[in-house]
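Since the structure of chain A is provided, determine the placement of chain B on it from the hints.
Protein chains in written order, with my numbering: chain A, 380 to 644; chain B, 1015 to 1339.
These are computed hints drawn from the structure, not numbers from a lab.
PhoX-like, lysine-lysine: derived pairs with alpha carbons at most 25 Å apart:
no., chain 1, residue 1, chain 2, residue 2
1, B, Lys1033, B, Lys1085
2, A, Lys637, B, Lys1033
3, A, Lys639, B, Lys1033
4, B, Lys1238, B, Lys1227
5, A, Lys392, B, Lys1125
6, A, Lys465, B, Lys1145
7, B, Lys1145, A, Lys392
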Amino acid sequence: MMRLMTDALMITKRQVLQLIRVPEVLIFATIQPAMFVLLFRYVFGGAISAGVKGGYVQLLMPGIFVQTVAFTLAGTAVGLAEDMQKGLIDRFRSLPIARSAVVIGRTVGDAAQNVVTLIVMALVGFAVGWRPSSGITKVLLAFLFLLAFAFSMSWIGVLIGLSVREARVAQNLVFISVFPLTFLSNAFAPTTGMPKVLQYFAEWNPVSTMVAACRQLFGVANHFGATANSWPSQHPLWMSLIYMVLIIGVFFPLSVRKYKNTSSK
Amino acid sequence: MKSVIAEELTKSYRKGAVKALDGLSLDVEEGTVLAVLGPNGAGKTTTVRILATLLTPDSGHASVGGIDVVKHPDAVRQMIGLSGQYAALDETLTGWDNLNLFGRLYHLNAKAARARANELLEKFSLTDSAKRPIRTYSGGMRRRLDLAASLIIKPKVLFLDEPTTGLDPRGRQEMWGVIDELVTGGVTLLLTTQYLEEADQLADDIAVIDTGKVIARGTSDALKSQVGGERLELVVEQGDLARATELISAALEIKPTVDQGMRSISAPVRDGTAALVRALRALDDSKIHPLDIALKRPSLDDVFIALTGHAAEIATEEKIAGGAK
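Chain A extracted, bound-state conformation:
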């Protein structure tokens, strides 16, 4: 067990080293969501009536935080697909290390990368009027929750990354699946405007429950969701936790098995 942890840590360290060697990657990964904060705040903020004190930005920030961490999946999938293509996974597999070490190290590293991004986004948000009203403990808890969600989403990325033949395929696959997921939710606009079927989908969508949970933790009413009074919309914290456990419970064993049996040819 110790061995597994130290091996996984080495893989995580490799990613940190990559960010140090090519800092542009992290810089752009951070600029993009920060830019989204500004765009959404000023493009939609004026058009959508938020109905909460402090305006649209209070509802937007949790939404955009969740969207950003959901895309952790993309980094994992593309990164692993590249390692596969380059034969690096073969080399790792020929080393005397636990089968799960490489993928655990990867998911931890990808989730941790969000710390920087989230801090920058929070600062930008603060600059344009975001004011969480729940107190420091709950705010920190919300960020922990976001990192945990990033970690669980990353496991889906592992399976995608190890299953496709090319990094570009992983990239496209992730974008066509995660973008709808983040928009068919309560993240940016009220779900009441959607057709009934989509409303239900949006309410059960893990992105929505995460957003609702974060709004709760930041101390703002979840005005964009909870139209159908479903259980997830009423217990977003619990539902989000259940989703995370479910995602990891399903994708961890699948991913490790895939890694074990994978071959680059």
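Frame of chain A; chain B shown alone:
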């Protein structure tokens, strides 16, 4: 003692549609070099992947250092080094970073990993490029670093899958030098190659494989004599063809094959240049001047045609298809 043993290995891909290995058996004596020679798609990489515990065979047994690769893969991984066709390195990291990372993953402590990284960079003449990212390396440098990464734990058995494919002649020469040095150091080596010349240069023993089976096994000399060794090939004027054939036949004491259309005469020779001189002298005495004359060393194609009765060209197409996917 045999360091590597493979017995009746079979492996199919895509639910049996592609049979990569079809009862392949081979072994490598401790401290010797075996070259697995064959065209692309013959099963070379699959064999290496099974022996290096990356792939499980459908049936058959394989062991490395007396340890079963399927039952105890972790124990096998402790004593092998693997370097593949492509350089499996982290491109964004420096050469030093890569060796240090793999050292730590082989469970060397921080100090030992650093020392080993420096030692290997020195040994492979990469110290000057140690702090540069791999993506700035030349093909030959990448291969050397990849090989260095497979030597971190001083493996007992080393697997090199086409170590020089895609390298320019200079890179190939450098790589051969490095491998030669390793072999002198006493490592047991199994390498795969498409080039008879490379097998000739590096290996004690050669296993020729085709469609997932070993079709010939022996020293390089033994294989070449099976193929017929070198061939003398010459082209003459149409009018001289019959007379030249007679002269060559007498001079070499063997019946040559004649291609009327190409006006060429071809004959297997055992004593290379001496035969060339005899043939030329005989022709010159009769005032016949060949348009072209050459000693052709047997190529992989010749080995193939001699051993299987078919050329290795089909495999070339597969290679293109394989490269595109």
